[in-house]
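So the sequence lines, in the order shown, correspond to chains A and B.
Sequential numbering from 1 applies to the first sequence in the numbering used here.
Sequential numbering from 1 applies to the second sequence in the numbering used here.
Bear in mind the hints are in silico, worked out from the structure with no lab data behind them.
Hints should not be assumed to be uniformly reliable.
To be clear about the criterion: a stretch of chain A counts as covered by chain B if any three or more of its residues have a C-beta under 8 Å from a C-beta of chain B, and this derived list gives those stretches [stated by the list, open to error]:
{"#": "1", "segment": "46-57"}
{"#": "2", "segment": "124-132"}
{"#": "3", "segment": "248-261"}
{"#": "4", "segment": "274-282"}
Only pairs whose alpha carbons sit at most 25 Å apart, straight line, appear in this in silico SDA-like list of lysine to any residue [claimed, not checked]:
{"#": "5", "chain 1": "A", "residue 1": "K55", "chain 2": "A", "residue 2": "W256"}
{"#": "6", "chain 1": "A", "residue 1": "K61", "chain 2": "B", "residue 2": "K119"}
{"#": "7", "chain 1": "A", "residue 1": "K55", "chain 2": "A", "residue 2": "N154"}
{"#": "8", "chain 1": "B", "residue 1": "K129", "chain 2": "A", "residue 2": "T137"}
{"#": "9", "chain 1": "B", "residue 1": "K83", "chain 2": "B", "residue 2": "K96"}
{"#": "10", "chain 1": "B", "residue 1": "K119", "chain 2": "A", "residue 2": "N151"}
Okay, the calculated beta carbon distance ranges per label pair [unchecked claim]:
{"#": "11", "chain 1": "A", "residue 1": "V128", "chain 2": "B", "residue 2": "I106", "range": "15 to 21 Å"}
{"#": "12", "chain 1": "A", "residue 1": "N151", "chain 2": "B", "residue 2": "D269", "range": "37 to 43 Å"}
{"#": "13", "chain 1": "A", "residue 1": "P27", "chain 2": "B", "residue 2": "F363", "range": "37 to 43 Å"}
{"#": "14", "chain 1": "B", "residue 1": "G203", "chain 2": "A", "residue 2": "V128", "range": "51 to 57 Å"}
{"#": "15", "chain 1": "A", "residue 1": "Q58", "chain 2": "B", "residue 2": "E126", "range": "29 to 35 Å"}
{"#": "16", "chain 1": "A", "residue 1": "E182", "chain 2": "B", "residue 2": "F363", "range": "50 to 56 Å"}
{"#": "17", "chain 1": "B", "residue 1": "N160", "chain 2": "A", "residue 2": "V40", "range": "32 to 38 Å"}
{"#": "18", "chain 1": "B", "residue 1": "N113", "chain 2": "A", "residue 2": "R25", "range": "46 to 52 Å"}
{"#": "19", "chain 1": "A", "residue 1": "R24", "chain 2": "B", "residue 2": "G233", "range": "49 to 55 Å"}
{"#": "20", "chain 1": "A", "residue 1": "V102", "chain 2": "B", "residue 2": "V357", "range": "49 to 55 Å"}
{"#": "21", "chain 1": "B", "residue 1": "N113", "chain 2": "A", "residue 2": "A60", "range": "56 to 62 Å"}
{"#": "22", "chain 1": "A", "residue 1": "A173", "chain 2": "B", "residue 2": "N113", "range": "25 to 31 Å"}
{"#": "23", "chain 1": "B", "residue 1": "N160", "chain 2": "A", "residue 2": "V124", "range": "45 to 51 Å"}
{"#": "24", "chain 1": "B", "residue 1": "Y362", "chain 2": "A", "residue 2": "V128", "range": "51 to 57 Å"}
Think of the CB as a built atom: it goes at the ideal place given N, C-alpha and C, for glycine as much as any other residue.
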Amino acid sequence: MQWPTCPFVNNSLPSTRTITRFLRRNPLATIGLIIFAAWVVISVAAPALTRYEPKKQQIAKRLQPPSAEFLFGSDQLGRDVQTRVFYSGRTSLPAGIVVVVVAALIGSAIGAVAGFVGGWLDDVTMRVTEVFLAFPTIILSMTIAAALGPNLSNAVIAMVVVWWPNYTRMVRAQVMQVKTREFVEAARALGAPEWRVLLRNVIPNCIAPVIVLATADLGTAILVFAGLSFLGLGPDPSVPEWGRMIADGIQFFDQWWMALFPGLAIFMVAMAFNFIGDGIRDALDPRLRGN
Amino acid sequence: MIDITDTFDTSDTSDTSGTSDTSDTSDTSYPNPVSLFRFLIRRLLLTIPILFGITLLSFVIARAVPSDPIVANLGQRAMSDPKIVAAFRAEWGLDKPPHEQYLTYIGNLLQGNLGKSIKSRRPVIEDLKAFLPATIELAASSILVGILMGVTLGVISAVNRNRWVDHIARFISLIGVSLPVFWLALVLLFVFYSRLGWVAGPGRLDPGMIAPPRLTGLMTIDATLAGQWSTLGNALSHLILPSITLGVFTAGLITRVTRSAMLEVLGNDYIRTARAKGLHERMVILKHAFRNALVPVVTVIGFSFANLLAGTVLTEKIFSWPGIGSYAFQASTTLDFQAIMGVSLLIAVIFIATNLVVDLLYFVLDPRMRKT
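Isolated chain B (complex conformation) (with noise of 0.2 Å):
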């Protein structure tokens, strides 16, 4: 069985030169693979009728309301040729009783088949190829941005609690998840892009540019293998603004969080004793207190990537960013009921699989839930 004695800072007597790392033994010792097995496998079971639930209320809502699509798609002089509407009903499926147009739904959905988009009158599933990656880039420079400022104002905050620099770094964090994003793109971009010039506006590359050629989708990943370096310049600064924007709220939320879970951590005896042997007081805080605190902490992180990978709606729209958000939003008010189908499964499935990926951390990160 795994040994889960020495991990523990508690146990950890034999500290005194304060260079002992609580990592050695927790690099060997792994998650028992039967039990891992067994619980992803329950946990996979769990998320296949949420799923269904998804299509079902997608689908209940893109019908059973007064809007029609037809509305929303052809325009006001299509709309009074009889003809043009039958065609669109027919093409679309529109015409057959609701029960059967999800069927045939599910039918073509467990085929790997979305459907096609209204709007673009492409397969779904392109248009969802097309667009995560922008996203994808962008959600992975926010969530550094905001672990590298929540986390250090967590830490910061919880170890001088109740002094100003508490206060400050609370007052901070509270502003970060009070300013509506969308303006503080827009005084962002409107200071350091269109007064100060320091960095791109909106897009992922300057209009004349070359985009390198497409491998991964990532504009940076792809500019670096073709050795474009200007390019990935360019898209490094295009990248600069919308990542503050988001980054910003984001590290409220993990300072909040950070802070209460330090502040718990630090309240424990083993970190009065580590003190008492004379620890350095960076190795308390760091190795002691903040490795402990980690659960909740990587907890936060998680959502709130799951939540970037969701796609911002409104910062995307901004900066004019080609990513799930703005796909979802020009699904929306148009109506096109399988591309909102589409995306609003594949930000279903982004959730159940960061929900499972941070549960699989917990493993790592506290050795206590290997045990069960």
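Extracted from the complex, chain A is given alone in its bound form (with noise of 0.2 Å):
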């Protein structure tokens, strides 16, 4: 039998009118929009805009000031930095935005299933997740980078643990308004089974406030990333990725470009993300509104 669909499903997600309303309204956002995109190409076609192999020592050509040999540079083991810093994007963006997506379905699916089933279940995950959220994250993050041992995958498994309880909280109590709405009732009223109400009905319509915190939270994710990486949390010291070319640059203080231009990479994708979710946030706080 095929069960009705609810009406306000669609509602939930912007047309791409509204998109393109916001961004015209919103020129931080656009400007966001256009570095991250920039960013994302840079990383992809990085071999193409590059002259050297990020990993290729040139040992008689270390600690270079930026030339036309070097653009931005080359490091304590004759690497070229600006062909690093492009690199690094293909680790340092996904790892960002990996840690958010998965913070934010793993949240949201145990803030959906404990809102929408109540008792005892959402008491424990709320007392869990309180835990969590007192848990001092800095140290908690580092703790489970240190205790798994230092490499990508485990400073991304770091910050997914301690990510995902805002999610929780937010979507919780976004489907236990959502789950008194007559359209749940009709849907229950017609015969749909519990698993497909808050499949089709609930869940579809918490998803924009998720997306508002996902977008927020991405400029941070690449923060806290680089900073793992920096305190030697991250990836193996060979990959290229900004955090640890910073750390590196310490070293060498008076070699300040090796610091200086994977910090302003650095700080381009969060602040692209910033003027993102601020736009967004904005857009959608209907007290920041003009008159």
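Two chains, each in its own frame: build the complex with the hints.
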């Protein structure tokens, strides 16, 4: 038997027209999107945009200042900084995005079930969530990354472990509100099983705020990932990664180019995400709308 | 009961000169002590399960992971000697089953004993006492920078909404939260310490400076109490760069919240009333609008301050600042589980205490809350 879908479902996601209007009204968000798109292109096309191999060492040409030969200079092993900055997008961008997407999926799923089922399951889930929220984020992620052993996937796992509770709390609140609405009752009255009501009627109406929070979180995730990597808890040192490059730059303080360019890269990407996130939040927060 | 009518600008109809002080009634009307006391007790009881949860979580992570604290704390050569490994296991109770280890820990904790750090071989509580003051000093000066910059920018931004001043202020606040702190710290050190030499570099005092006798552990206060003025100057100079580094990020958050809180308040009728009766614009903004926008602003300040006190690992590491963040980093990377649990508990307590203070401030700031 075919259950009727709820008429509100598609209203939770914006149309193309809404998006273009949003971008026209939010120049900063547009700039953010352009910067982000540029970094995606740079990361994907890194081999075409650089002249060296990211891991290739030219010891004779170590610590060279920026020049025509090395646009952003060279590092302590004679590797080209520009090449490494460009290639690093292939690690840092997916890492930040994966953390947020996985944390949002896991956190939302837990929150949705807890809010929908209620009762003792909800109580237990929320107490556990509170403990994770009260636990100092940076210490938790440092400890997990250190305990699992420093590498790329463990840094991502560590971040996901500290990241999900925010989504759980938000989605739970959202679900508890939505599940009392008439269309949910209507679906039940038509005989739809509980899991179907949750998946087809409740969850689609809770997606919008998750997307807002996730967009706003992307910038922070990029910064935290770079921070873990900076502390030596990220990918292997030979892998080009912005945070790690800055850590190397500290050892060679007077060779300012070693830390300057990777830092600018992190800054640009984080700023792009924050511009986009801020624009979306503004657009959705009725208190901040113009008169 | 408490008189709440006079503390609100909306009822402030007698104010024609613009000089009536809205605070003179709130000075005499205190929150109901009984409801306040019950509120405090309930809040404190609620925190107990959370604190237990934190010890359990850190215990599970520190013990149930593939890495062994033995590997992190004993060298390769010691590892190959089974006697040393066995002695290490016995010393730290690693030879007992996990639930027994945890119960022993909780038993000790209830007596105020946080255990001993594997790394420093001192009681964790002593370590925390040694590291906390540096963080308090840094957090206090950073939050000061954050409030000064953030509140100013936020108010200016809201008052000039959608004009270029607003756009610039929002742009600055977004840059503030997008800068990687460890990189900003490096840039500031490079420019203002290494190249220009205007301020002091890493650490709390120049090498060769004699630290004042330790009373509070806060270098600036200890130096003042001891009358060591050159030490005070040096300590302040060392505080400048790390405070700006952390203050910029904090200011970004505060600006955003201040702006939206002010915008919400400025749309209210009593603001129009205040303007209509010819009050000076500055009086309207500062007294009528800002005072009523304070609740969310205080919330974000409290949250930021707790975050700063939680130890800002990256900044402390770059500035060689001997604070909680440095201690936490060392504890995490060496899997020094007693220290990890100790520092996590301390930070959780800091967060809970800050939240409590913020909640109490609501009583002071918003007379409506006193009714319940």
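Comparing the hints with the structure gives:
Only residues whose C-beta sits within less than 8 Å of a C-beta in chain B count toward coverage, and the segment 46-57 of chain A has 0 of them, not enough to reach three; the restraint is violated. As drawn, the segment 124-132 of chain A meets chain B at 5 residues by the rule of a beta-carbon pair under 8 Å; at three or more, the given contact holds. Coverage of the segment 248-261 of chain A by chain B holds in this model, with 7 residues showing a Cβ closer than 8 Å to a Cβ of that chain against a need of three. Under the rule that three or more residues need a Cβ within less than 8 Å of chain B, the assignment of the segment 274-282 of chain A holds, with 3 such residues.
In summary, the hint linking A/K55 to A/W256 is supported, as the alpha carbons are separated by about 20 Å, within the 25 Å threshold. For the proposed pair A/K61 and B/K119, the alpha carbon gap of about 40 Å is over 25 Å, so the pair is violated. Between A/K55 and A/N154, the direct Cα distance comes to roughly 22 Å. Compliance with the 25 Å bound is thereby established for this hinted pair. Of the pairs offered as hints, the one joining B/K129 and A/T137 holds, with about 22 Å between alpha carbons and a cut-off of 25 Å not exceeded.
A distance of roughly 17 Å separates the Cα atoms of B/K83 and B/K96; the hinted pair therefore holds under the 25 Å criterion. With a CA separation close to 24 Å, the supplied pair B/K119 and A/N151 stays within the 25 Å bound. Taking the beta carbon of each, A/V128 and B/I106 are about 18 Å apart, inside 15 to 21 Å as hinted. The hint said 37 to 43 Å for the Cβ distance between A/N151 and B/D269, and at roughly 59 Å that hint is violated.
Between A/P27 and B/F363 the C-beta distance comes to about 42 Å, which sits within the given range of 37 to 43 Å. Taken as a hint, the range 51 to 57 Å is violated for the pair B/G203 and A/V128, whose Cβ atoms sit roughly 41 Å apart. For the pair A/Q58 and B/E126, the supplied restraint of 29 to 35 Å is violated, since their beta-carbon distance comes to about 50 Å. Evaluation of the 50 to 56 Å hint for A/E182 and B/F363 yields a failure: the beta carbon distance comes to about 39 Å.
At about 35 Å, the beta-carbon gap between B/N160 and A/V40 stays in the expected band of 32 to 38 Å. For B/N113 and A/R25, the Cβ-Cβ distance of about 59 Å falls outside the hinted range of 46 to 52 Å, so the restraint is violated. The hint said 49 to 55 Å for the Cβ distance between A/R24 and B/G233, and at roughly 53 Å that hint holds. Between A/V102 and B/V357 the CB atoms are about 35 Å apart, so this pair departs from the stated range of 49 to 55 Å.
For the pair B/N113 and A/A60, the beta carbons lie near 58 Å from each other, so the given range of 56 to 62 Å is met. For the pair A/A173 and B/N113, the beta carbons lie near 39 Å from each other, so the given range of 25 to 31 Å is not met. Remark: the range hint 45 to 51 Å for B/N160 to A/V124 is upheld by a beta-carbon distance near 49 Å. For B/Y362 and A/V128, the hinted distance range of 51 to 57 Å is not satisfied, since their beta carbons lie about 28 Å from each other.
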